[in-house]
Every structure is written in structure tokens, then in C-alpha cells.
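With chain H held as given, fit chain X onto it using these hints.
For the record, the sequence lines run as chains H and X.
Under the working numbering, the first residue of the first sequence carries the number 1, and numbering increases by one thereafter.
Under the working numbering, the first residue of the second sequence carries the number 1001, and numbering increases by one thereafter.
Be a bit skeptical, because a hint or two may be false.
[To be verified] Stretch by stretch, here's where chain X covers chain H in the computed footprint (C-beta under 8 Å, at least three residues):
no.	segment
1	100 to 113
2	145 to 157
3	192 to 203
[To be verified] Quick look at which bits of chain X chain H covers, simulated, 3 or more residues with Cβ under 8 Å:
no.	segment
4	1132 to 1146
5	1164 to 1172
6	1203 to 1213
Just so you know, the hints here were simulated from the structure itself, not pulled from any lab data.
Where a beta carbon is used, it is the ideal one built from N, C-alpha and C, also for glycine.
What follows is the residue order along each chain.
2 protein chains.
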Amino acid sequence: MTYCVAMRLDTGLVFLSDTRTNAGVDHVSTFRKMLVFERTGERVLVLLSAGNLAVTQAVRQHIVEARDTDTIWNAKTLTDVARVVGNAIREVYARDAKALETFGVDFNCSFILGGQIAGQPSRLFQLYSAGNFIEASSVNPYFQIGESKYGKPIIDRLVTPSTSLDDGAKCALISMDSTLRSNVSVGLPLDLLVYEENSLRVTRFASLTDDNAYYKMIHDTWGARLRQVFAELPEPQWAASAPGASAASLPPLASPPDEMPGAGDPVSVQSLAQDFGGGAPG
Amino acid sequence: MTYCVAMRLDTGLVFLSDTRTNAGVDHVSTFRKMLVFERTGERVLVLLSAGNLAVTQAVRQHIVEARDTDTIWNAKTLTDVARVVGNAIREVYARDAKALETFGVDFNCSFILGGQIAGQPSRLFQLYSAGNFIEASSVNPYFQIGESKYGKPIIDRLVTPSTSLDDGAKCALISMDSTLRSNVSVGLPLDLLVYEENSLRVTRFASLTDDNAYYKMIHDTWGARLRQVFAELPEPQWAASAPGASAASLPPLASPPDEMPGAGDPVSVQSLAQDFGGGAPG
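If we strip away everything but chain H, and leave its shape as in the complex, we get:
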């Protein structure tokens, strides 16, 4: 299904996307979800896409080909750029949605748009199938589209606007790695773009295959270190409940119809002790 994530940090933007697409498990292909628009020294815009591939490609193509009054190249602000993308979504909807419906296919697309125009701060948006959008802020400094849930907890734990670009990239890769392990519709290679605030050009980009040494290190090391941390966490200690233990410490029991309710011995059910020992030897 895709997984794309982008972060708006104090020192710039981080973008990471996968390349797997599928129309069922026997029809899996590789298509890039990232498109970069650069007019060196004036603007850098990055568009990540998820959803129905034909829909998202049509939207991207509409933007690239546009010769209207308002294009991605002459929009004055990032909000205007977001509106250009939103309008492209609506144009493609007007053209294709009915035909898709005939075949029982949803008009399903979502985008992340981020970047910077000279003289303005960098900004980050998420756009919906309806062509409208929301913007990232310091209290919500990242967006995800596609299979977002697997990789969300680690970002929630680690990323704030003051996170460095390299740490943001590291965290995005871990988030992607967790997703790759748990969902087959997301796959390598990955596109990673790190945008440095005010550079107004792409200075850092990598297309990561499974033999990229850094990605392999993340893949192998993170899991190994997690197992080590896990082993070091204290084990639960089970202790007998005190006599007259309250009902709240007993499991929600249903008894056989031929027995009196609560015929078992509640005192022998152990509960989690409030004190617990150390973990396994480190």
C-alpha cells in the first residue's frame, strides 16, 4: 500500500518513501512515490504520494504538465502550491472518478507536500482525496501516509521540532523498517531526501536498496538492541493476593452453570507485585 513519512524540523525537512505498489498479491511492482521540483536557489518542493497508483500518477502528471495561470512553479507561497496540488486532485477526480466507480474502485489518494520558496520558511502539508489539506506545526511536526500505524509509535517517542535532520532521517528509517517487517505491501528500495533549511536546492538524497550499508546497519542493529533492552527490563513478579482481595484484582469470571458463582479460591490467584526485581544480566 505504501508508506511515506515527512518531518518539519527546525533545521529543515526529512522525506522518506517506499516504492512498492500492488494490485493484489500476485501483482506487485516498483514505482517511486517521491517527486522533487527544484528551481535551484528559488524553490524546492517534494511531493510524496499514496493510494491508487493510477490516480496519484495522474495527479502528478497534471501538475508537471500544467501551463495554467497557477502552477507549482509560479505559486507565490507554499499554501498556494498546496492549492495547486489540491486543484490537480480535483481535476483528476472530475475526469476519472465516475469511470472508476463503474469498476468499483475508490478514488483514493493522499499526498505529503513539503518544501521551501526563497524568502519564506519551509513548510509541510498533507493533502486528501477531496483536494483539501492540513499543515504541520511544532505540535504536530510530521505526517505519514499509507500504512502509517506500524511506524507511528517510534516517531511519537522520539521526534520533536528540535530533532536534528540526521536524527530525523535515522528515526524515519527505523519507522520504515518496522513497517517493512510487518506489512508486505511496503517494500524497498526507499527514497530518502533530507532538505537543509535555506539551501533552496537538494543537497542530500539516497535511494536505499537492501545492500546499502547504512540501511542494513539500522535494520540489523535496531532489532538487536531492542532485544537487549527488552532482556534488561525487569521481569514481572507474581505475588499471592491478600486475603479478602478485592474483586477488582480478580479476572472477569464466568462460572459453569452447575457451580455456585465464585466457587473457585480467589486468594490463590496471583497478581502483579508492586515491587519487582532487576532485569536479566545485561
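Below, chain X alone, put in the same frame as chain H:
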């Protein structure tokens, strides 16, 4: 929405469920998702539920009240027990689905059923709205229902059938903690039941509120240790691409219509170096 997880390990079973239910964000309540059936010395069965609360409660009530030929108390094997639960789901569907449809409500329910009958090994099943089910095995030793995606990667990384019961419980709590942080429809208190193989009674159960010392330790320590591991991972190193760098190492660029394609300087885009330094000081 709920999150429940259960594992079938070599030495027994682990069950963990939350208690939050909601009919929209202004209608949040606490209901237990776990129900335990025990005939001491003969059978212990644990049922976890997710989905529409009225549907799942109706199914549970049907099972508890049953005086038919085939009940949860006289079923001969765990497969027979699963069929009893499946039939209860179908009875409730027959009774309620049409009325629900009138109000645009899906007949949505899923269950995890696990336990042991004397003389047989413990087993674990997942049941669907259609009343059919699948069984856990050594290659798939756990099931999740409800908001399962957030908490899946950690279980995939850590749990195998040879995992101890205490480690299984620890991992389930971490999985739940990740879910709680990232989704407001899952909430405390939690019901944790650890079933020891061949005990044929409930020996270990805890209802965990946010002031339970062990759960607080998991909640605080896991996140802190993750941040530490993260800081210790090497930072990415960015290095200039070699002259004549292949197109695969460049971002997927779209150029402004008034410029020649590839007008930028590809050599100045840095990529991830294959060698990288050590991490932050531990």
C-alpha cells in the same frame, strides 16, 4: 476501538486487553474486553473481544446463557469451543444484523479465544464476524484484534513459541503501551492474564491501572531506553557522489518548464556514504 493480544507459547498462554470503548470522541467509556471461563481442574477458556460493543456483549451473553446441547462447558475440544463461539456470533447476526443495517451500523466483531481442556494441549483461535476462525501455530504464535498495527512490530521482533510466559507478558505490555501512546481509542485499565500450561485454573491475573508500579516501569523505562539506543546508533554520513554518478543516485526530479532538463549540478547532491562513524557517546 480496543486492542487485545494473545500468545500461544510453549509453556502456556498470555492474554492482554484494554478497556476503552467509544461511540465517538464525546462518548468514551470503560468496558472489559476479557471474559474467563473456568471449571477448576477441567478447563480454562479466555475470550477477548473487539468491534461493536453491543454485538460483542450480545455474543458473550449468548454463550454464558446457553443451555443448548453444545455449550462452552461441555464442548469436547477447543475446536468445538471455537464452533460454539462461532455459532453464537451467527445467532446474534441472525437476530440483530438487519436492524443494525437500518441504522447504517456494520455487524463488526472479532474475538480471540484461547485456553485448555484437561488432557489436551492449550490452543489459541481468532474468530471473525462470519463466525469462522483460524488457529495459531508455532509459525504464527500470536493474534491481535482491534487497533493491532501500532503494536505489531515489537511482537514480530521479539516473540517466538519458546519465549517465556513472563517475557510474553512483558512484550504484550510494551505492545499495548505503544498502542496507547498513538491511538486514543485504546485505554487503561488493562486486563493481563497469564495461563500456565496444564494448570487448568487461573493462577496469574492483574488489572493494571496507571498507578501500577510494574506498568509504570514499562511505560517509563522502555521509552527512555529506546531513546538511549537511538542516540547510540551511528548517524548517517553524507558524501559527494562520484563524477558521472548514476541516475539511480539522484532524486526523481521535475524541472521547471523554462529550464533544460537536468540543468542542476547532479554531482553536488550528496548521498549516504557506505561507511559511517560511531554513534553518540553512550
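Results of checking the hints against the structure:
Check result for the segment 100 to 113 of chain H against chain X: violated, 0 residues qualifying (beta carbon to beta carbon below 8 Å, three or more required). With a cut-off of 8 Å between beta carbons, the segment 145 to 157 of chain H has 9 residues touching chain X; three or more are needed, and the interface restraint holds. Residues of the segment 192 to 203 of chain H lying with their CB closer than 8 Å to a CB of chain X number 6, which satisfies the three-residue condition for coverage. Coverage of the segment 1132 to 1146 of chain X by chain H is violated in this model, with 0 residues showing a Cβ closer than 8 Å to a Cβ of that chain against a need of three.
By the rule of at least three residues with a Cβ nearer than 8 Å to a Cβ of chain H, the coverage given for the segment 1164 to 1172 of chain X holds, with 5 such residues. For the segment 1203 to 1213 of chain X, the assignment as covered by chain H holds, since 8 residues bring a beta-carbon within under 8 Å of that chain's beta-carbons and 3 suffice.
In summary, the numbered hints that this structure violates are 1 and 4.
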